[in-house]
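Protein chains: 2
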Amino acid sequence: MSEAPTIGMLPPVNADGDSPLAIIAGGGSIPIAVAEAVTQRGRRVVMFPVRGWADPAAHREHHNAQANVFRRHARAEGCRDVVFVGTALRPPLRSLRIDWLTLRLLPRVVRAYRGGDDHLISGVARVFEDYGFRIVAPHQVAPEILMPIGPVGSLSPSERDHVDIARALALLEATGPFDMGQAAVVAANHVLAVEGAEGTDAMLGRVAELRAKGRIATPTGIGVLVKAPKPGQDRRFDLPAIGPRTVEEAARAGLAGIAVLAGAAIIAEPLAVAAVADRAKIFVIGVAERAAS
Amino acid sequence: MSEAPTIGMLPPVNADGDSPLAIIAGGGSIPIAVAEAVTQRGRRVVMFPVRGWADPAAHREHHNAQANVFRRHARAEGCRDVVFVGTALRPPLRSLRIDWLTLRLLPRVVRAYRGGDDHLISGVARVFEDYGFRIVAPHQVAPEILMPIGPVGSLSPSERDHVDIARALALLEATGPFDMGQAAVVAANHVLAVEGAEGTDAMLGRVAELRAKGRIATPTGIGVLVKAPKPGQDRRFDLPAIGPRTVEEAARAGLAGIAVLAGAAIIAEPLAVAAVADRAKIFVIGVAERAAS
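Chains as they are written, first to last, in the working numbering: chain A, 1 to 293; chain B, 1001 to 1293.
Keep in mind that the hints were calculated from the coordinates and are not lab data.
Be a bit skeptical, because a hint or two may be false.
What the hints assert, rightly or not - Some chain B residues judged to face chain A by a derived CB distance under 7 Å, without partners named: (1) ALA1174; (2) MET1180; (3) GLY1196.
No experiment lies behind these values; they were computed from the predicted model shown.
Note that the Cβ used here is the ideal one computed from N, Cα and C, for glycine as well.
Turn these sequences into a full structure, and let the hints guide you.
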C-alpha cells in the first residue's frame, strides 16, 4: 500500500484543492489507493467507510468519520468534494444503514434501487448533491489510479489473445445498455463467463471451477479477462477496477491475461499487479477504446 | 417418463417415417422424452448415448448402439434420420471419443471447436451429413416436446414479471451474436446472471448462493429465468430446454418463475414441470417471440 504509484501519472485536477476530500469508501483496496494518492499530493482526506462494504481493518490508519453522521462530520471537516469509490455489494434494502438520510429521501433511494447498479449509485449521488456536496470522480483527484495504455508487467498479449480481447469488448458493448457486469471471460473466441451480480472475482472462480471439472475445452493459458465501463456510463462512479487479487484469480482460472480499457478503468497497486502478473506469467494490458484486433 | 405428453400437440412431421430414427443423446431427460414420444407415434428408435454426456442409467431400457460404431450400427439398423438432442458438456478435446470418425475428419472437428457451441455442433453435424445421414430437429419428429404458448401449471406472471421477461429477452437478443448461453436471470429490472459455459442449472445455483449471502436486493419471489434460442441459430440443434429440475432450481433461487420462447424451446416432462411449478408456487410460461411487455 505504501508503494508510490508510478504508472499513468497525470497532472492533478482538484475540483476544490483547498478543502479536504471526503471519500465514501466501499470495499477493496482502491479506496485506500485513492486516499494515499490524494494525501501524497498534499490534500487532506476524510474517509467515510461504508458499513458492510468497506473492510474496517483497512481503514484503521485513516481519520474515519462515521457514515451515520456524514453531513455533520463532512461539514465540520470543511469537505465539499465527495468521491465514491470501492466495490459496492448490493445489500438487501432493509439492511442499508440510511440513518443519515432523512426519511423524506427514502422513497428516492428505493426507486433508485429498482434500476440496476447505475441507477442505485446515481440516485444516491443526487441525494448528496441536494445537500450541497459536489461529486468528483476518483481519477479527477488521483489520476494515477487510471489504467495506462500498454502492458503492466513484462508480458504482452499474442495475436490470438487480441482476437479474444476484441470479442469480449464487443460483448461488453452489447450488454452495456443492460446495466450489468463490466467483465467477461473469452477463450479461443468462446464466451466462458459474463459477470452478473456475483462480481469479477466470483466469476473468475467459476471459470477456475469449470476448468477443474474439465468443462472448458481450451487448455490453460488461453483466454482473457476483459473489463470495460458500460458505454455511456457516468464515469464519476463505479469504474471497472483491477488489482493484485484480480491477477491472482485470473491466473487461477488458467487465463492468458487481463485487458482493461485504458483511461477508463482503475488499477489498484500497479507495482503489485505487475509483480503478481510476472510471477504468474500472465499479461495485464490497457487497451485503447474501440481497439481493433 | 411414461406420462403421455398432452401439451403442444402438433401433427407429426416425420422426415422419413418408415426408417428407424437414430438419436444421438446428450445429457438430461430430454433425449428420453423424445425417444418416448417418437416410439408412441409408432416409429422405432435407436439410441446412441454419447459417452461422458448421456447418463448411462437413463438409457438402460432402450436399444442402445455403441457410439464408437455409429456408422455401422446406424446403417445396419436402417437409420437415415439422425436427431441430436440433450445437453452437451463441452469436454476437453483430448477426451472426446471420436473413434468412429475417420482421422481425416479430425481437423474439421478441431476447427469447429474453435468457435462457440454453435460452430462445434454444426461442424460435427456436417460430418454426419457427409456420411449420408440426414439431420432432423427433435421437434420435427416429436413436436409435443416444444414449449407451448401460455402457462404450464396454474400460475401466470404478474405485470412486473412481464417487464423482467421483456428485459431478459432483449438481453439474450443482444448476446445472441456471441454464441454463448441462452439463459439469463433478471429481477426487478436488474440482471442477476447470464449463462456462460456453466449451464442453466449452475447459473441458478449461483443466484441461490448470492441470495443466501444477502447479495441480492430483491426479495424472494421476484425475478425470472428466461431461456430463448440465439437469434438466427440453426434450430435443428441445441434448442434451449427446461424440465422439472430447472423448475426446482429456479424455485431454490427464489425466482417468481420461468419464461421460455414458445415453439423455440423444449419442455421435458410437461406434466411433471406443471406439478413441480405448482408445488413451488412459481409460474412457467411460453411467451411469443418478440413479446412486448
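Structure-based check of all given hints:
1. Hint status for B/ALA1174 relative to chain A: holds, with the closest Cβ pair at about 5 Å, below 7 Å.
2. The interface hint given for B/MET1180 holds, since its Cβ lies 4 Å from the closest Cβ of chain A, which is under the 7 Å cut-off.
3. Checking B/GLY1196 against chain A: minimum C-beta separation of about 4 Å stays under 7 Å; hint holds.
Consistency note: the structure conflicts with none of the earlier hints.
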